[in-house]
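**Student:** Residue strings, one per chain:
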Amino acid sequence: MTDFSSLTITSAINGLKNKEFTSQELVQFFIEKIKQNKHLNCFITHTFEQAIDMAKIADKRISAKNHRMLEGIPIGMKDLFCTNGIKTTAGSKILENFIPFYESTVSKNLWDSGAIMLGKTNMDEFAMGSANTTSFFGNVINPLKSFSNQKKDLVPGGSSGGSASAVSSGLCLGATGSDTGGSIRQPASFCGLVGLKPTYGRCSRFGMIAFASSLDQAGPIAQTVEDAALMLQCMTSFDEKDSTSSRNEIPNYLDYKNYRLKGKKIGIPKEYLIEGLNNEIKEVWDNCINWFKSEGAEIVDISLPHTESALPTYYIIAPAEASANLARYDGIRYGFRQKEKDLKDLYQKTRGLGFGKEVKRRLMIGTYVLSAGYYDAYYLKALKVRKLISKDFEEAFKICDLILTPTTPNVAFPIGEKQTDPIEMYLNDVLTVPASLAGLPAISVSSGFNKEKLPIGLQVIGKPFDEISILGAGNAIEKLRGF
Amino acid sequence: MEYYIQGEKNKWEVILGLEVHAQISSKSKLFSVASTNWGGEPNSQVELVDCGMPGALPVINEYCVEQAILTGLSINAKINKMSIFDRKNYFYPDLPQGYQISQFEHPIVGSGYINIDCEGKKKKIGITRLHLEQDAGKSLHDQNEENSYIDLNRSGCALMEIVSEPDMRSPLEAAEYVKKLRNILKYVGSCDGNMEKGNLRADVNVSVKLKGEELGTRCEIKNVNSIKFIQQAIEYEAKRQVKILESGDEIFQETRLFDPNVGETRSMRGKEESHDYRYFPDPDLPPLIVTEEKINELKKTLPELPDQRKNRLMIEFNLSSYDAEVIVNDKDVANFFEKTVEGRDSKIVTSWVTGELFSFLKKTEKNIKASGISPLKLGELIDLIIDGTISNRQAKEVFEDYIKSTESAKIFVEKRGLIQVSDEQEIENLINSVLQENPKMLEQYRNGKDKLFGFFVGQVMKVSKGKANPKVLNELLKKILSN
Amino acid sequence: MSIDNSTVKKVALLARIEIQKNDEAALIDELNNIIGWVDELKKVNTEDIEPMLSVFNETMNMRKDNPQSNYTNELILKNSPENNAGFFVVPKVVE
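Residue numbers (numbering that gives the first Met the number 0), protein chains in the order written: chain A, 0 to 482; chain B, 0 to 482; chain C, 0 to 94.
If you are wondering where the hints come from, they were derived from the structure by calculation, not from laboratory data.
Every residue, glycine too, gets a C-beta built ideally from N, C-alpha and C.
Fair warning: there could be bad hints in the mix.
Think about it this way: if two alpha-carbon atoms lie no more than 16 angstroms apart in a straight line, the pair counts; the simulated EDC-like pairs of lysine to aspartate or glutamate are [what the hints assert, rightly or not]:
#1 K348/A / E17/C
#2 K356/A / E23/C
#3 K64/A / E31/A
#4 K338/A / E175/B
#5 K63/C / E19/A
Sample of chain C residues with no beta-carbon within 10 angstroms of chain A, all distances over it, derived [to be verified]:
#6 D3
#7 S5
#8 A11
#9 A24
#10 E39
#11 N78
All chains should be modelled from the sequences, with the hints used to inform the complete structure.
**Tutor:** Below is the structure:
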């Protein structure tokens, strides 16, 4: 069998168009690869049969020169997106056997663009996690290893860990993710990939299982900026089924190729130089500043004064919304039910047994901060601080075009670490959460390595609906990073 | 008359406030496209939102928003240009999302009022607010010993909750308030007002106090679905509270249910053990913005309301306040009246509508629509009275048969030989024979017993089988007797 | 602000989550740590700041009142743990 390991989405599209190989060959190759890499635990559900059927159709369309944007391209679908007739679990026991009879808009858009689903990728339960260690279906393993310790398994990041690990290990050409506080960008960074969280409202949330509705955004995880742009193009749409879907015109994201850093103002927020920021990451950040300078960009020191408050704010708002979003999992209409004679027992045991520890912890926090007597002190307070955080960005974007920061304070860490103290785990998201709270588009691009040869991602945050600029800056990083 | 409860020791005032839930007569639900048709197979009118499927999202029905605004305008209320949907969180099997989408702090309609007529006295009842919310599904408890059955057809139907000030002081006032409100809703067309189907139901807040004292602790009687029951429930509940207070105990603020079978209210404890709804803004729904323009546009479409119509009828047709009130109390009756009175004498039409027609409707327990009586049907009969073909009395006698028949008034009357005799010679002959047959009476009359005039009229009518034209008869009789 | 045993019980009841006896102590610690940590926000001056309800600042889409029937009763019930005669079935609700 031909080795397609080095393909990207872009090169695969060309190969298919030029009849170098067929979609069926491509799909067959990835199916084999997935089978060989089961230990990574990237997928919760395989959809090989459907993939082969879809590939046949794709091949026909390609021969008929009737191909669509992602015709015949095999991808992974995060198991947070409801897929018609295919088990969708959100990584939870409580949805262990749930088979939707409807299709999420994002996945539908991708199928309508010709993409092929290899399977549903593993994830932190209900997207709550930063290491992909909270899935009911087991931990996902990062294919990358520390140079000095090849035996120790590392986390792929989370919550879109299955997607990131699958793309990184070449089990699919790209994958969907969802990002509430960093769930696309952080795993992309840990796995040496490109991950893009669009502006809130850009991708429809219909059919995407909700974690925190005011923050959740779907986005692509891919090997290159170009692949990410292609996927993004196919994922976005105005959707009348989502009341928070934007009517803003969708540009041609490939126009990022015309983007030039020359003359652009790049903001460097001093507050992101946090205590605990890994030195090697700091170095890569500094390097990138110099690359951008060399391209003619102007570096501007900016201040986002409420950065420090972003994480606590997030850990009030997201659990609060989740406490309501996850109330529907009650064992009555679908999903896991612990059979009991008394209704209250049924509720409590179903949810007690059906949810994992981290989910329960956040549901407790969320319920607490909304409960009588605490609402003003926590939830309302958090909404006000969110406003301040958002204003910080508005102010900053008056004097700069883009903001460049590290994606994470650390590189991928061994599975099992940071498990004892939830807050330690939460700190993984400290640099990604502010843009989420402000609803801004942000991309993570692999920009260097530490001594252990583990990838380091940098984050570029843009103005609302300016995905093209962050793709452009990401593209510049790809060209300048020297690998 | 002042209403009070006479306890063993004191006279107690009753303080009443109502929360009326009115289902908006929309074709589809508030946040889903599912049909609102009544009486469908269980769970056959259910979209994803209505059964809380993972990834389901609410999208608001514009028609429902417009109906809420129109209703707001018709109760003299302020329309809020920005309102917010909140989640009201609690677990119940017929609440599939685990929360109800409602409006808490920022309802679409602010304070207003309506006027009621109670035993001839006008009273203004304040309305605190009107907000939009989702209805719950239906739990059936009687089908099975061990289980309850859940039907979600009603889940998600649009409700307006209309909250009154605690301005009512007697069961009758409460009843008049509901009647008036229902009438307004029917005029506006925002709700069909059908209490039997549960399309209009009330929660009644009852408290009692001694004159001059502060408001007492209230109990809420949930979901009372007829005006009669509202009155019964209030009376029972007020007496119960008086008994408790006079025995020196305190009222425990709680939710109660009215059982119409025994005419009592009973506590609903158990369901309501934890009363913390944790309202917070629904992140799936942006604020609802209504423009001044939209409000003005809707204002123009506002139909004539009961109070306005009453005034107009009084002026245009010279109706008494009482007659106008009973006619406008039912929009269909008022429409019927106006169609019937067109081109006819309003006095006779009014007397027929409020007299024969109303007693017929009462007797057959039908409303005007269900009765199938058309304005033409009644109008033709009235025409025959006006042109002297039949007498008013004859018409009354045959009214029921005529209504049930399919014949036109003219044919009906002809077929039954009911044509009034107006021929002077014929009537004179009848008079003469009656006088000949009653010589004693005639003598008494001539001796000054004037009252016997009526007796002779009656006798002539009797021998004419009611066909004699009363006007002609009166004149002739007078003439003959004075000879 | 500290979360004690009874608060956890109350919150767990509101959230309808059964907490295993063995997990209770650890959970109380964790929750206290998290709440203690987010308590940092109290230091932020939010005077005269409007709460941010949404980052979405476009007007809400509204739909026309056209009823549709996209899912049959069978589909709606398909994933249910227990159903009968077209209904979802739950243990008796006592009113």
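**Student:** If we take the beta carbon of N78/C, is the closest beta carbon in chain A still more than 10 angstroms away?
**Tutor:** violated, 3 angstroms
**Student:** Decide if the proposed pair is consistent with the structure: K64/A and E31/A, CA atoms, cutoff 16 angstroms inclusive.
**Tutor:** The given pair, whose Cα atoms are some 28 angstroms apart, is violated under the 16 angstroms limit.
**Student:** Please verify that the nearest CB of chain A lies beyond 10 angstroms from D3/C's CB.
**Tutor:** holds, 12 angstroms
**Student:** Report holds if the minimum CB distance from E39/C to chain A is greater than 10 angstroms, and violated otherwise.
**Tutor:** violated, 5 angstroms
**Student:** Decide, holds or violated, for the assertion that all CB atoms of chain A are farther than 10 angstroms from the CB of A11/C.
**Tutor:** Check fails; 7 angstroms does not lie beyond 10 angstroms.
**Student:** Check whether the Cα positions of K356/A and E23/C lie no farther apart than 16 angstroms.
**Tutor:** holds, 12 angstroms
**Student:** Taking the minimum C-beta separation from S5/C to chain A, is that value above 10 angstroms?
**Tutor:** holds, 13 angstroms
**Student:** Is the nearest CB of chain A more than 10 angstroms from the CB of A24/C?
**Tutor:** The claim holds: A24/C sits with its nearest Cβ about 14 angstroms from chain A, beyond 10 angstroms.
**Student:** Between K63/C and E19/A, does the CA-CA distance stay at or below 16 angstroms?
**Tutor:** violated, 49 angstroms
**Student:** Verify the proposed pairing of K338/A with E175/B, using a straight-line Cα cut of 16 angstroms.
**Tutor:** Answer violated: K338/A to E175/B is near 48 angstroms, above 16 angstroms.
**Student:** For the pair we were handed, K348/A and E17/C, check the Cα-Cα distance against 16 angstroms.
**Tutor:** With Cα atoms ~6 angstroms apart, K348/A and E17/C stay inside 16 angstroms; holds.
Hint violations for this structure: numbers 3, 4, 5, 8, 10, 11, all remaining hints satisfied.
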